[in-house]
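For chain A, the structure is supplied; the task is to place chain B on it using the hints.
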Amino acid sequence: MKKKLQSGNLKEMSMLIALIIIIVLFAILTKGTLLRPMNIANLINQNAYVVILACGMLLCILTGGNIDLSVGSTVALVGACAGTFIITWKWNPYLSIVLCLLVGIALGVWQGFWIAYVGIPPFICTLSGMLVFRGITLLILKGLTLAPFPTAYTQLSTGFIPDIRAEGITLFGTKLNLLCILVGVVIAVAYVVLQLKNNATRKKKGYETEPLVSMLIKMVIICAAILAVFWKLAQHKGIPTVLIILGILLLVYNFITQKTVMGRHLYAIGGNKKAAELSGVKTKKMMFLAYTNMSFIAAIAGLVFAARLNSSSPVAGQSFEMDAIASCFIGGASAYGGTGTIGGALIGALIMGTLNNGMSIMGISSNTQQVVKGLVLLIAVAIDVLGKSNFNLSGIKAMFSGKAKTAEKKST
Amino acid sequence: MRLGNILLEMRNITKLFPGVKALDEVNIQVEEGEIHALCGENGAGKSTLMKVLSGIHPFGTYEGDIIYQGTECRFKTIKDSERKGIVIIHQELALVPYLSIAENMFLGNEQIKHKGVIDWDKTNSECAKYLRMVGLHENPRTLIKDIGVGKQQLVEIAKALAKNVKLLILDEPTSSLNEQDAKNLLDMLIRFKGEGITSILISHKLNEISYCSDKITIIRDGKTIETLVKGKDEISEPRIIRGMVGREMKNRFPAREHNIGDVSLEIRDWTVFHPLFTERKVVDNVSITLRKGEVVGISGLIGAGRTELCMSVFGHAYGHNISGRLLLDGKEIHLNDIPSAIEHGIMYVTEDRKGDGLIISDSIKHNISLSRPAFIAKNGVIDQDLEAIKGKAFSAELGVKTPTIEQLVGNLSGGNQQKVLLAKALFAEPDILMLDEPTRGVDVGAKYEIYEIINKMVENGKSVLMISSELPELLGMADRIYVMNEGHLVAELPNDGTATQEKIMGYILRDSNREISDTQNQTEGVTQE
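From first to last, the protein sequence lines are chains A and B.
The working numbering numbers the first residue of the first sequence as 1 and each following residue consecutively.
The working numbering numbers the first residue of the second sequence as 1 and each following residue consecutively.
These are calculated hints, taken from the structure and not from any lab test.
Hints are not guaranteed to be accurate.
What the hints assert, rightly or not - In silico SDA-like cross-links for lysine to any residue, where the CA-CA straight-line distance does not exceed 20 Å: (1) A:Lys205 <-> B:Lys378; (2) B:Lys354 <-> A:Thr283; (3) A:Lys197 <-> B:Ala388; (4) B:Lys447 <-> B:Ala396; (5) A:Lys203 <-> B:Ala388.
As the list claims (entries may be wrong) - Over 10 Å on every C-beta distance to chain B, these chain A residues come out as not near it, computed from the model: (6) Ile23; (7) Ile124; (8) Thr154; (9) Ile161; (10) Val189; (11) Met219; (12) Gln318; (13) Val372; (14) Val381; (15) Asp384.
Even for Gly, the Cβ is constructed at its ideal location relative to N, Cα and C.
Chain A extracted, bound-state conformation:
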């Protein structure tokens, strides 16, 4: 147990601590603006697409550090489809959403086929997808932007769940969204009950259980975090619709990766493809599923993003793939595959999002922001690489000693 904590969760833990430090730092630097209720809601809305994409990207990365470069273009293409269906052809928004998701799956099947069954390296196949899908987007939109969407559709991303009581509730002198508070409490209670129940059944069956103290500490921290977020949201307009989508996706993909045979197979392929194959894992099928799923996820992100923009833009989603990839790697996924979790990817996305948002509030130019984000990615992965070699810096040492040797040779 101890071993596992050390190797697997160390990076995730350190990244969680880094996230907390970043939040505290920017809360101070922005004189509290970062943690204002409205800004929290903004943060969620702004970064929803990164978290959504990271869920899919993680599955690809698990299979061996493979990435999908086409997701930005898929986001744009699905947005274009949504615009065409809903704005130009005036179709029912809900039907259109389903159709757009099908379009996403079709794009995924296309890429998954080439990658899994033909054996095109994912990097190249999705680079092609990046160009092709962007081109199709431009063709569909003829280079123009479609706007605006009807409210029924934009609610998907920018809306809030209406309160059950119009006047809300007043607690400690602040007016709050009642539903939001209730949901927060329900989630926290549900979490505690589930944990306790789980623990009880494990004890009954005679399995190892976590020590009570550490379990309690963990519970208190997580409940506090949940309640704090919902408390803040309740002071604004309540629960953003997109938070529901995020919550469902995170739960589903966490379940898939941690509890299902499919998830286990994805990790196995990334850990040792040959061994997985000889153990009866259908590696091709898994690769196909991972990439089909990625485009499906990108379609969801595309719908959410188009709703947020309130338009279908041919330049939507540019460099989204990089945000998603960076989130996974910052969150502890290995660039060689086989390790990484949805929780980690979420932390990575939140780090990126907080950096973005915090620096924007401070008025730092987006040029500087890019520099900072790039360095954060590098440092996060460097910690991982150095951590694996037990911080002995052997690689760096070897590099220098190698240089010294060649220099020696030349002088003789």
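What follows is chain B alone, placed relative to chain A:
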């Protein structure tokens, strides 16, 4: 020519790998201007010894002294040994296919004008000079991929000459050559003797060894057994074989009740082609039967097609254009992918546990359950508690020494990793288990435990097909032994006391010699074009 001078002496070389003693106080003396052959079974330690000499296993990772040209040498890298004129040519050629002959020849040793700019005229003219020395008439600009293996071997030798070689080490240089090319190569080595180049030749082909070598050192189980000198000792194949296999057999194998039942698996007329070189047959019309409660061994050299046979049976995990029939308990089955093989109760355990077998970065329990997650899952959802229970049970059953099954497999010793690999195979509840070198790189104690596991399997009525390069292991464990050679089945021996190591080795080697002349006729037709 100062014949009789000792060029190289390796004294009391001991090399440990985690859990195994690969070399145990090995001594070898090579005189200047001789061809010194190194003989031994697969895994006897020949290649390891040469890796120590060439600095691939650097100074400090082994014990003992290397004295070369009268001075003690401490090679840290290949470059160190090459600077002294020691060049090793591996069995797997180390040439870059998409570079030219000249570029390959001077790779890492480039002909430079000034400040890192390559002098192409010099490169190509120097290359042509060395190619003439080895009798290869090819344009230096030809790409390596466009010339045959025989010529590539000559390029390797020319490359060694370009490094001003004094001691040339060749690891199985003729294994992929036809008879004529092989003879040319050996004649060249004899010619080199006159030019002051000493050679160490590792080979399984005893006729070649007796043809060209002046001395033969025999290594067995990491120990030097003897050195035979031409003209002084008898040099004949039976004599060399006796040295190679003549070890004592003590109580190294647990006893088992022999209770052999009906035929469980029948492999009929099995033929497999190479996945890349699609016209090359790697398994040629092999038929094997396997009974319940029986351990059947397959003997042969590396490359005899043993692994390829088992893997192709295991749901076509290897090979191309596979033909033949499989009968499981008398009924014909078709296994087109690995999951269906596992579902039919057939399991293959790889010889390369780190490369193809285990997920080093994952826990023992996840590794074990990977072979058949259906046993611990409902509707695709894993019952992690059940997984832990089963994982613990299997790990305890096989005697994996670990504090917890959460331990990462990469942190285990070789023997324990091998047990996890076996546990993974047994987790799938196979009736037929194909074990490929199940005790490779495992220490004696763990070997015994693995033999006990195998015995337990067959006592429960399962069948085990075991590939092993260690003859004593086959004789100690198997009920019957098949011998394979270059894709063919060449012998089937009941292990009733009449089978001996000498007999099996005789089959392996005699047939490998015959095979050369057989295939030569075929390949000549192809290469003449």
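> Against the structure shown, which of the earlier numbered hints fail to hold, in ascending order?
Replying inline: none
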